[in-house]
Amino acid sequence: MSMQQRVIQHENLLKFLGEIISSGKQLYAPQKKAEKTYFLPASDVHSIVFDYIQTAESPKELLFPKTERMLSYEQVDGKLKMIDHAEGEIFPERVLFGSHPCDAVALKTLTDFFRHDVPDAFTQKRQDSLTVISVSCIKADDNCFCTSVGTSPGDTEGSDILLTPIGNAKYYVEVMTEKGQSLFAAHEKYFENSDIISKDKYLTKMSEVFSSSEVTARLSKAFDHPIWSDASLRCLGCGACAYVCPVCSCFDIQDEGTDKKGDRLRCWDSCGFSLFTLHTSGHNPRKNQSDRWRQRVMHKFSYMPERYELLGCVGCGRCSRACPADMNIKEQLKEITEKIEG
Amino acid sequence: MENNFEPKIVAFVCNWCTYAGADLTGTSRIKYATNVRIIRFPCTGRIDYNLLLKAFAQGADGVIVSGCHPNDCHYTSGNFHARRRWIVFKQMMEYMGIDMRRVKFSWVSAAEGAKWADIVNTTVNEIRELGPSQEYLEMSRQGVA
Amino acid sequence: MQALHQKAKELLESGKVQVIIGYGDGSGDRVRPVFISKAESASDLIWDDRCRQNLAVYLNKPEIKKLGVPAIVATPVVVKTIIQLISENQLKSSNIVVLVVDNDVVSELTDNASLEAYSAGHPVVFPPFVVKEIKDIAEMSIQQRNKYWQDELSRCFKCYACRAACPLCYCERCLTDNNQPQWVCVASHAQGNFEWHINRAMHLAGRCVECGSCTIACPVGIPIGLLTIEASRIVKQEFGQEPGLHCDADSAMSSFKVEDTETFIK
Ligand code: SF4
Ligand code: SF4
Ligand code: FES
Numbered sequence: 001m002s003m004q005q006r007v008i009q010h011e012n013l014l015k016f017l018g019e020i021i022s023s024g025k026q027l028y029a030p031q032k033k034a035e036k037t038y039f040l041p042a043s044d045v046h047s048i049v050f051d052y053i054q055t056a057e058s059p060k061e062l063l064f065p066k067t068e069r070m071l072s073y074e075q076v077d078g079k080l081k082m083i084d085h086a087e088g089e090i091f092p093e094r095v096l097f098g099s100h101p102c103d104a105v106a107l108k109t110l111t112d113f114f115r116h117d118v119p120d121a122f123t124q125k126r127q128d129s130l131t132v133i134s135v136s137c138i139k140a141d142d143n144c145f146c147t148s149v150g151t152s153p154g155d156t157e158g159s160d161i162l163l164t165p166i167g168n169a170k171y172y173v174e175v176m177t178e179k180g181q182s183l184f185a186a187h188e189k190y191f192e193n194s195d196i197i198s199k200d201k202y203l204t205k206m207s208e209v210f211s212s213s214e215v216t217a218r219l220s221k222a223f224d225h226p227i228w229s230d231a232s233l234r235c236l237g238c239g240a241c242a243y244v245c246p247v248c249s250c251f252d253i254q255d256e257g258t259d260k261k262g263d264r265l266r267c268w269d270s271c272g273f274s275l276f277t278l279h280t281s282g283h284n285p286r287k288n289q290s291d292r293w294r295q296r297v298m299h300k301f302s303y304m305p306e307r308y309e310l311l312g313c314v315g316c317g318r319c320s321r322a323c324p325a326d327m328n329i330k331e332q333l334k335e336i337t338e339k340i341e342g
Numbered sequence: 001m002e003n004n005f006e007p008k009i010v011a012f013v014c015n016w017c018t019y020a021g022a023d024l025t026g027t028s029r030i031k032y033a034t035n036v037r038i039i040r041f042p043c044t045g046r047i048d049y050n051l052l053l054k055a056f057a058q059g060a061d062g063v064i065v066s067g068c069h070p071n072d073c074h075y076t077s078g079n080f081h082a083r084r085r086w087i088v089f090k091q092m093m094e095y096m097g098i099d100m101r102r103v104k105f106s107w108v109s110a111a112e113g114a115k116w117a118d119i120v121n122t123t124v125n126e127i128r129e130l131g132p133s134q135e136y137l138e139m140s141r142q143g144v145a
Numbered sequence: 001m002q003a004l005h006q007k008a009k010e011l012l013e014s015g016k017v018q019v020i021i022g023y024g025d026g027s028g029d030r031v032r033p034v035f036i037s038k039a040e041s042a043s044d045l046i047w048d049d050r051c052r053q054n055l056a057v058y059l060n061k062p063e064i065k066k067l068g069v070p071a072i073v074a075t076p077v078v079v080k081t082i083i084q085l086i087s088e089n090q091l092k093s094s095n096i097v098v099l100v101v102d103n104d105v106v107s108e109l110t111d112n113a114s115l116e117a118y119s120a121g122h123p124v125v126f127p128p129f130v131v132k133e134i135k136d137i138a139e140m141s142i143q144q145r146n147k148y149w150q151d152e153l154s155r156c157f158k159c160y161a162c163r164a165a166c167p168l169c170y171c172e173r174c175l176t177d178n179n180q181p182q183w184v185c186v187a188s189h190a191q192g193n194f195e196w197h198i199n200r201a202m203h204l205a206g207r208c209v210e211c212g213s214c215t216i217a218c219p220v221g222i223p224i225g226l227l228t229i230e231a232s233r234i235v236k237q238e239f240g241q242e243p244g245l246h247c248d249a250d251s252a253m254s255s256f257k258v259e260d261t262e263t264f265i266k
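Chains as they are written, first to last, in my numbering: chain L, 1 to 342; chain Y, 1 to 145; chain E, 1 to 266.
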């Protein structure tokens, strides 16, 4: 249930976003670069694009940057100085605008995942200082499948504020959380009162192509199924799918530096690489690309639900769009429910 | 500041010619700039261009790469291979926008003690003019959250 | 496409090859690589303007080799790639069948001479936007080029799709995967990205056949192929060697001429 509902005119929305920038918060919003759309820091609201299906990269960088400095050390006058960046650094107030509901769900999944067991201070602090204003989907493409993985084009989950375009350059506004409420309250003048409306007729229609719980159930018996080697013949073994995915969270800790000074960095990694599991001895438990493709699917749809009660996929379809060899996750998941016995 | 700036120069040299040449500079009591740290390799053929990049990454202001003159390589062809690589590497670096005035390539034989002193002195003077190397160090800080 | 289907069917039925590597129907309006082992599936093959991925990348994959002797549906640049792979001792023309399609006539190239003749008759022509990019960068000052590449490479997150899509990046262990010593920083900060890409360019100098597969593969739209194209251009200009023309050519960067010239070594 939303805490508040309102309507905002497109023009006022731009003013609202403009005020966020001038208030000193960092605004990340979809903008074009080299023919693709990305969530980039916005300094001018007129560079924001509204008419896009999905950004090339997900917003996960806002919680989990591709390269994050965790620790630094330096020798000063023969003494070792250590800086733990999780404690020392101030995490800037940020607003993400224009994420679709799938991305908002993904940000929540990431937060929950990194909170598991030993909570990760970095993602936690980044999440604490991030407010998410999402926009419901009135368009989708063939690669989208949110409704098959438990979310939907108007889902409010994970968003602090959700806007739904309702035609005539207007948006229906649902304020969902305390964070959303405080942002809304600071700029209330731009919003108009509204009754609770049903968003459905404005949203894109997306039918469910498979059931994710079915996928999870079938996967428990699918480890040795030939489906993996058949499907992965064309897989090139790059990490494009993992790096554009809003949920993928594997990383590699790297130390860089000399005896005098250096950093400990957390860098993205991907289970698609053969190096990911290569042992020092030369043995590789995931020797073939099919083992790695299976791992990708299993991790998202079997291990994550089992261990964390989270689903590792939100149906954004980025991996399918990005894959240079046209691996298509939606097709693969559908096939699993069709070909593997329940 | 520029005036007091003492550039750090790393020299990658082959054992058989330039290293011996640099030795001769010393035994001939020719004075030359002390800014250079010499690293000895078996042959220029062994001087991977990645070593040059590592030198800049660790704070070198300039780099000298030197070995036997063509036809004089102790291993016959190490320097011919190296030369091809330098030709491509230099242009590739420039294509990616890196100022290659900080890298000097030369041939210095075991008999050219004076030439070695000259190469080092000119390099030091030129790098002093260019100022401290920032470009490469900056890169290790960009793109880290 | 009829002729292609017919030829593929014959090859599989006669047992001359066990698998056809070609393009088939993909997601939406995409085509995707397909590996056809049954004669009755030969009609799944597609041949049109969308067939741009360099399929030679699959020839040396262990999973694909297991399928048996391959025939490959080849664009002109794939023929070039195969010649280059032969010159690097990674392939033998006697172990594969190369199928080229010109005006719906399918020919089999089965020996070095026919591959070379085909390659010579089908020079790679860049699309106009690539010609423009190359010209724009050539006209930049060194500072502008620095800014251009820093900006483009700032998006690189080291997914290695460019490497994976490249048929000439076949090393089992890439220099960038090495950590003893760690030549290339793992992090995708500006330095790590720069190191990765200059090494990629250097290792493809005189070998890049300019198929553009790396650029197409890059999920963040970096025109990354321009670097390897430049590296090959330098090799051609300086040493007169061009990849993908002769099956017995020397590798440009592991050979030399005493007469090689330069002006910058003092
Ligand atoms: S697995 Fe693919 S579709 Fe699912 S969330 Fe990741 S990128 Fe999106
Ligand atoms: S494909 Fe693009 S993002 Fe991936 S490593 Fe290559 S240049 Fe970087
Ligand atoms: S030994 Fe001096 S260059 Fe080869």
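Hint data in this document are derived by calculation from the structure and do not stem from the laboratory. These numbers were taken from a predicted model, which means no experiment stands behind them. Treat the hints with care, as some may be off.
[Stated by the list, open to error] If you only want the chain Y side, here are some residues facing chain L, beta carbon under 10 angstroms, derived: (1) Gly26; (2) Gln58; (3) Leu130; (4) Gly131; (5) Ser140; (6) Ala145.
[Said to hold, decoys possible] Covered stretches of chain L (in silico footprint by chain Y; criterion: 3 or more residues with CB under 8 angstroms from a CB of chain Y, positions within the stretch not fixed): (7) 150-156; (8) 316-327.
[To be verified] Within a straight-line C-alpha distance of at most 16 angstroms, the following computed EDC-like cross-link-like pairs (lysine to aspartate or glutamate) qualify: (9) Lys90(Y) with Asp151(E); (10) Lys65(E) with Asp230(L); (11) Lys287(L) with Glu262(E); (12) Lys36(L) with Asp151(E).
Yeah, the Cβ is synthetic: ideal placement off N, Cα and C, and Gly gets one too.
query: Which numbered conditions among the earlier hints are violated in the structure presented, ordered from lowest to highest?
result: 1, 3, 4, 7, 8, 9 and 11
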